[in-house]
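Here the structure of chain A is known, so what remains is to put chain B in place on it, guided by the hints.
Protein chains: 2
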Amino acid sequence: MVKAIFYHAGCPVCVDAEQMIFTSLDKSKFDLEVVHLGTAQERIAEAESFGVKSVPALVVGEKAYHINFGASLDDVKAGS
Amino acid sequence: MVKAIFYHAGCPVCVDAEQMIFTSLDKSKFDLEVVHLGTAQERIAEAESFGVKSVPALVVGEKAYHINFGASLDDVKAGS
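Chains as they are written, first to last, in the working numbering: chain A, 1 to 80; chain B, 1 to 80.
Since the hints were made in silico from the structure, they are not lab data.
One thing to keep in mind: the hints can contain errors.
A pair counts as met if it fits within one copy or between any two copies, since identical chains are not told apart.
Taking lysine-lysine pairs in the DSSO-like style, the calculated list, with each CA pair at most 30 Å apart, reads [unchecked claim]:
1) Lys77 to Lys3
2) Lys29 to Lys3
3) Lys63 to Lys29
4) Lys63 to Lys77
5) Lys27 to Lys3
Bound-form chain A, shown alone (with noise of 0.2 Å):
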């Protein structure tokens, strides 16, 4: 099983993809694992070591795929 990390914080972009990724993703591959940032902000750093900028992102064998555009990591760190 390939490791695939989905980061959110919650907004609506991060939602729809969410439900998106959920829905798309084929499970017999991958282990889904969804965070949700703005609840795990000590998970922010290990984020940023993928190369996420922004969520939703979803990360693959550790390369970074963000879709659409909900909101920045300093947004998120700063809690707006």
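Using the frame of chain A, we list chain B on its own:
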């Protein structure tokens, strides 16, 4: 089967995203079509009608998801 269309323009960001989508999409649920807008310029208007602004982008159920940023549709129209 839900129709999914991946629009790209052959750029490195596009190729990387295409590989991720091709690997991760649940093929039992989705009928995936890949469209190169650089060579199929007649389909740019169709992409725009789904809300696609840049490539690479995935349209699922008529909703557009921009995945990272390779090129704007204006650049694709200009052939750059």
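- Which numbered hints does this structure break? Checked against the structure, no hint fails, so every one of them is satisfied.
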